[in-house]
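Counting from 1, one number per residue, gives the positions in the sequence shown under UniProt numbering.
Hints in this document: simulated from the structure, not taken from any laboratory.
This one's a predicted model, so the numbers in the text were calculated from it and none came from an experiment.
For each residue, glycine too, the CB sits at the ideal point set by N, CA and C.
Do not take every clue at face value.
[Claimed, not checked] Think about it this way: if two alpha-carbon atoms lie no more than 30 Å apart in a straight line, the pair counts; the simulated DSS-like pairs of lysine-lysine are:
{"#": "1", "residue 1": "120", "residue 2": "52"}
{"#": "2", "residue 1": "124", "residue 2": "85"}
{"#": "3", "residue 1": "120", "residue 2": "67"}
{"#": "4", "residue 1": "19", "residue 2": "2"}
{"#": "5", "residue 1": "52", "residue 2": "67"}
{"#": "6", "residue 1": "85", "residue 2": "120"}
{"#": "7", "residue 1": "85", "residue 2": "19"}
{"#": "8", "residue 1": "67", "residue 2": "19"}
{"#": "9", "residue 1": "67", "residue 2": "124"}
{"#": "10", "residue 1": "2", "residue 2": "67"}
{"#": "11", "residue 1": "19", "residue 2": "124"}
{"#": "12", "residue 1": "2", "residue 2": "52"}
[As the list claims (entries may be wrong)] Okay, the calculated beta carbon distance ranges per label pair:
{"#": "13", "residue 1": "40", "residue 2": "106", "range": "43 to 51 Å"}
{"#": "14", "residue 1": "93", "residue 2": "65", "range": "27 to 35 Å"}
{"#": "15", "residue 1": "81", "residue 2": "109", "range": "18 to 26 Å"}
{"#": "16", "residue 1": "81", "residue 2": "37", "range": "32 to 40 Å"}
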Amino acid sequence: MKIGIIGAMEEEVTLLRDKIENRQTISLGGCEIYTGQLNGTEVALLKSGIGKVAAALGATLLLEHCKPDVIINTGSAGGLAPTLKVGDIVVSDEARYHDADVTAFGYEYGQLPGCPAGFKADDKLIAAR
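Use the sequences and the hints to build the structure in full.
Right, dumping it as structure tokens:
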């Protein structure tokens with residue numbers, strides 16, 4: 001299995017990048033992709049820049065040039081659960097837009113026309129956490 005990993009900022013990819021064995025660097029579309037192995041697994045790590053457009057471009061570059069089986073997004077995020085502390089690791093089981101509102105047209109908050117209200121994560125990846 002080949003895993004694609006996207007992080008928005010240098011601080012989010014440095015630790016992983018430095019642990020990649022047999023690391024090679026590919027420069028594409030203003031991004032750098034680091035390929036090699038982490039714990040014996042083929043990986044392609046990309047620093048995308050911040051935002052949905054940058055993440056979409058990064059995912060496209062990974063899919064087109066590295067052909068990963070899955071893509072994982074890594075990085076910092078805010079959390080609402082009172083049990084969460086700074087430094088905790090959170091694995092999502094579903095992702096939703098937080099900045100879209102077409103409820104006036106009968107959609108759920110965060111749902112875009114033609115899209116589901118939420119995007120479920122792969123059950124096997126959730127179980128592997």
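Here's how the hints hold up against the structure:
1. Proximity of residue 120 to residue 52 is assessed by CA-CA distance (about 18 Å); at most 30 Å being required, the pair is judged to hold.
2. In summary, the hint linking residue 124 to residue 85 is supported, as the alpha carbons are separated by about 26 Å, within the 30 Å threshold.
3. Pair hint residue 120 plus residue 67 holds up; C-alpha atoms about 21 Å apart against a cutoff of 30 Å.
4. Proximity of residue 19 to residue 2 is assessed by CA-CA distance (about 16 Å); at most 30 Å being required, the pair is judged to hold.
5. For the proposed pair residue 52 and residue 67, the alpha carbon gap of about 21 Å is at most 30 Å, so the pair holds.
6. Pair hint residue 85 plus residue 120 holds up; C-alpha atoms about 24 Å apart against a cutoff of 30 Å.
7. Between the alpha carbons of residue 85 and residue 19 the distance comes to roughly 25 Å, so the proposed pair stays at or under 30 Å and holds.
8. Between residue 67 and residue 19 the alpha-carbon distance is near 21 Å, which keeps this suggested pair within the 30 Å criterion.
9. A distance of roughly 19 Å separates the Cα atoms of residue 67 and residue 124; the hinted pair therefore holds under the 30 Å criterion.
10. This hinted pair checks out: residue 2 and residue 67 have alpha carbons roughly 8 Å apart, not beyond 30 Å.
11. For the hint linking residue 19 to residue 124, the alpha-carbon distance of about 24 Å falls within 30 Å, and the restraint holds.
12. About 23 Å separates the Cα atoms of residue 2 and residue 52, which keeps this hinted pair within 30 Å; it holds.
13. Between residue 40 and residue 106 the beta carbons are some 49 Å apart, a value that agrees with the proposed interval 43 to 51 Å.
14. Between residue 93 and residue 65 the C-beta distance comes to about 29 Å, which sits within the given range of 27 to 35 Å.
15. The hinted window of 18 to 26 Å between residue 81 and residue 109 holds, with their beta carbons roughly 19 Å apart.
16. Distance hint check: the CB atoms of residue 81 and residue 37 are about 34 Å apart, consistent with the given range 32 to 40 Å.
Of the numbered hints listed earlier, not one is contradicted by the structure.
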